[in-house]
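Visitor: Input sequences plus hints: build the corresponding full structure.
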Amino acid sequence: MQQLMMGNEACALGAAAAGCNFFAGYPISPSSEIMEWMSRLLPVRGGVFVQMEDEIASIGAVIGASWTGAKAMTATSGPGFTLMQENIGYASMTETPCVIIDAQRVGPSTGMPTMPAQGDVIQARYGSHGDRAAIVLTASTVLDTYTMTVEAFNLSERYRQPVVLLLDAMLCHMRENVTVPDLEVIDRARPASLDGFEPFAGEEFLAFGDGARLIVTGLTHDEAGYQRASNGDTGERMMRRVLHRLERDAEVITHTRQESLEDATLVLIAYGITARAARSAVHKLRAEGVSAGLLELLTLWPFPERLIASVAQRAQTLLVPELNLGQVELLVRAAAGGTPVVALGRMDGSLLKPEEIVAKAHEALTNAEATI
Amino acid sequence: MPDERGDGSARWRKGQREAVGVRIAGRGGQGVMLSGYLLALAGMADALHVVQTQSYGPEARLGAAKSDVILSRDEVAYPEVSSPDIFLCLSQDAYSAYGTGVSESSLSILDSRVEGAPGAGSAIVVPLAATARDGGAPFATNIVGLGVLVAITALTSERSIREALTARIKPDSLPANLRAFDAGLALGAKAAADQLAGNGRPVFGRLRAG
Chain A
172 MQQLMMGNEA CALGAAAAGC NFFAGYPISP SSEIMEWMSR LLPVRGGVFV
222 QMEDEIASIG AVIGASWTGA KAMTATSGPG FTLMQENIGY ASMTETPCVI
272 IDAQRVGPST GMPTMPAQGD VIQARYGSHG DRAAIVLTAS TVLDTYTMTV
322 EAFNLSERYR QPVVLLLDAM LCHMRENVTV PDLEVIDRAR PASLDGFEPF
372 AGEEFLAFGD GARLIVTGLT HDEAGYQRAS NGDTGERMMR RVLHRLERDA
422 EVITHTRQES LEDATLVLIA YGITARAARS AVHKLRAEGV SAGLLELLTL
472 WPFPERLIAS VAQRAQTLLV PELNLGQVEL LVRAAAGGTP VVALGRMDGS
522 LLKPEEIVAK AHEALTNAEA TI
Chain B
6 MPDERGDGSA RWRKGQREAV GVRIAGRGGQ GVMLSGYLLA LAGMADALHV
56 VQTQSYGPEA RLGAAKSDVI LSRDEVAYPE VSSPDIFLCL SQDAYSAYGT
106 GVSESSLSIL DSRVEGAPGA GSAIVVPLAA TARDGGAPFA TNIVGLGVLV
156 AITALTSERS IREALTARIK PDSLPANLRA FDAGLALGAK AAADQLAGNG
206 RPVFGRLRAG
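One line per chain: the protein sequences are A and B, in this order. So for the first sequence, the working numbering puts the first residue at 172; every next one is plus one. So for the second sequence, the working numbering puts the first residue at 6; every next one is plus one.
If you're looking for bench data, these hints aren't it; they were derived computationally from the structure. Treat the hints loosely; a few may be bogus.
Here are the computed distance ranges between Cβ atoms for each label pair [as the list claims (entries may be wrong)]:
{"hint": "1", "chain 1": "A", "residue 1": "480", "chain 2": "B", "residue 2": "80", "range": "25 to 33 Å"}
{"hint": "2", "chain 1": "A", "residue 1": "505", "chain 2": "B", "residue 2": "173", "range": "48 to 56 Å"}
{"hint": "3", "chain 1": "A", "residue 1": "420", "chain 2": "B", "residue 2": "67", "range": "50 to 58 Å"}
{"hint": "4", "chain 1": "B", "residue 1": "176", "chain 2": "A", "residue 2": "497", "range": "52 to 60 Å"}
{"hint": "5", "chain 1": "B", "residue 1": "176", "chain 2": "A", "residue 2": "526", "range": "40 to 48 Å"}
EDC-like, lysine to aspartate or glutamate: derived pairs with alpha carbons at most 20 Å apart [as the list claims (entries may be wrong)]:
{"hint": "6", "chain 1": "A", "residue 1": "455", "chain 2": "B", "residue 2": "168"}
{"hint": "7", "chain 1": "A", "residue 1": "455", "chain 2": "B", "residue 2": "79"}
{"hint": "8", "chain 1": "A", "residue 1": "524", "chain 2": "B", "residue 2": "80"}
{"hint": "9", "chain 1": "A", "residue 1": "455", "chain 2": "B", "residue 2": "80"}
{"hint": "10", "chain 1": "A", "residue 1": "524", "chain 2": "B", "residue 2": "23"}
{"hint": "11", "chain 1": "A", "residue 1": "524", "chain 2": "B", "residue 2": "85"}
{"hint": "12", "chain 1": "A", "residue 1": "455", "chain 2": "B", "residue 2": "23"}
Sample of chain B residues facing chain A (criterion: CB under 7 Å; computed from the structure) [said to hold, decoys possible]:
{"hint": "13", "residue": "45"}
{"hint": "14", "residue": "46"}
{"hint": "15", "residue": "49"}
{"hint": "16", "residue": "55"}
{"hint": "17", "residue": "56"}
{"hint": "18", "residue": "58"}
{"hint": "19", "residue": "61"}
{"hint": "20", "residue": "82"}
{"hint": "21", "residue": "83"}
{"hint": "22", "residue": "84"}
{"hint": "23", "residue": "85"}
{"hint": "24", "residue": "88"}
{"hint": "25", "residue": "196"}
Quick caveat, the model's predicted, so the values are computed rather than measured. Note that CB positions come from ideal geometry on N, CA and C, so glycine has one too.
Guide: Written out as structure tokens, the structure is:
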């Protein structure tokens, strides 16, 4: 059955479908409707909804709930996401499955609370200190918002890591007709036996009160959970182990949409709400006879650098439109080899329009010819 | 023209357009969000792809507000209405704020108290607020406007709008809103006959493609 659904509503319904049974948050535009919906969905399903005193407490409650076995989520926007960074690092260090929705708005600081942006891409990966494994997803349609919320839970449960889903003010408040799909739901694996079980050795997860004593600490620790805070070797080994899992499964974690790439000399690399303008721009450029194609990224981290390298090898020019001043452009540039990368960014709260992308594409192609 | 539900794509095939962008603007509180939502809901019932966006800041509460709806036979790529094909405007301040995108090819439907900019496409001027007030439902200017819009453009079926109203409006104010919609339909049919060249049939098929 088709439903007319708002992005924030789709996110909350996706979370419920994924089995989310704990939500803690602090309201902030443009994410607040996610919280509002969770407050309706969870109590009637036997779940727990808590409005906390701030975002630091919210992510703290989410991490604690996850260690009781709950599938837990919070939703926020830029300023709140920044406050959550230390605890996101804690969730990463303690290998805690949880989902953080960040509805991006224009920053820095309080910025433009109701206007869309894509300025949190680097923060989602590097906002917390230290190197860590990070999974960051995004979405460009209301249907995506539903499916990627489910995927965020699935990946967090599978890899025992916090997963961030980046939305934006436009997508959050936009309505589209959606037929809700039936999606697979993954739950964290429990250890087959507690004999010799080490809580941080593998991907199996044992909750508090589930038959063994656990030490959960943000200090560097070994497989058993014992502090090894002055043993650098242990810390690096533990972190590389998680990074290795993501590397090993990169194909499964990396979601993209590829359109007209086969013969594309000009490739647009776009994500989130801007991918829609980019798609429209590709259609316009093709109609003009320009061999343009689109690589839409739905997984931002781990960043699909190998895929981009192979696309770059076949293309003459890469164009990266985004609602920031070059965050993904920087990453594309690092992966593109010698292929020229052209940036098109803005952070004024407006979307990039297809016509602006088309104009930039023409400019890039003219410059490329001049160079040759 | 038969008013059957689900014939949206069939009716649309007679026209030239793949997608139509509608902007509804008015003062916050006039129900522009609701009417955009109802139009999107009706479009969905008519088997069209719809995208609906709206003002979200403080202007949605008493300032000039807008709701944009794209109705399309195919999936909608870019979600914003830059230059509306149809511009339904309920107040002068909203015209000033959101009439900027109106172009030569736009069709504006304006309340009679709204003064449109010269050269801004074709316009139909109708007493939306007065009709709502005379019908005993001064709060339903937006719904009168929807009636006019549907009568003139046939973007959705009348039945789908009535069903959307029935689904979303509280029972105690539903009859007044349904009457306001019917009054809008009559007003639109008459206005099309008086103000547009032709015989008052929906003008949608005559909109230029592009």
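Visitor: Mind checking the alpha carbons of residue 455 of chain A and residue 23 of chain B for me, to see if they're no more than 20 Å apart?
Guide: holds (14 Å)
Visitor: Regarding the pair residue 524 of chain A and residue 80 of chain B, is the alpha-carbon distance no greater than 20 Å?
Guide: holds (17 Å)
Visitor: Please check whether residue 505 of chain A and residue 173 of chain B have a Cβ separation lying inside 48 to 56 Å.
Guide: Given about 50 Å between the Cβ atoms, the range holds.
Visitor: Quick one, is the residue 196 of chain B hint okay against chain A at 7 Å, beta carbons?
Guide: violated (29 Å)
Visitor: Verify the interface restraint on residue 82 of chain B: the C-beta must sit less than 7 Å from at least one C-beta of chain A.
Guide: holds (4 Å)
Visitor: Holds or violated: residue 61 of chain B as interface residue toward chain A, Cβ cutoff 7 Å?
Guide: holds (5 Å)
Visitor: Min Cβ distance, residue 58 of chain B to chain A: is it shorter than 7 Å?
Guide: It holds, given that the least Cβ distance between residue 58 of chain B and chain A is near 5 Å, below 7 Å.
Visitor: Holds or violated: residue 524 of chain A and residue 23 of chain B, Cα atoms, limit 20 Å.
Guide: holds (19 Å)
Visitor: For the pair residue 420 of chain A and residue 67 of chain B, does the Cβ-Cβ distance stay inside 50 to 58 Å?
Guide: Distance hint for residue 420 of chain A, residue 67 of chain B holds at roughly 52 Å.
Visitor: Grab the minimum C-beta distance from residue 56 of chain B to chain A and call the hint holds if it beats 7 Å, violated otherwise.
Guide: Check passed: Cβ of residue 56 of chain B comes within 5 Å of chain A, closer than 7 Å.
Visitor: If you check the beta carbons of residue 176 of chain B and residue 526 of chain A, does the distance land in 40 to 48 Å?
Guide: holds (46 Å)
Visitor: Evaluate the given range 25 to 33 Å for the C-beta pair formed by residue 480 of chain A and residue 80 of chain B.
Guide: holds (30 Å)
Hint compliance for this structure: hints 6, 24 and 25 are broken, all remaining hints hold.
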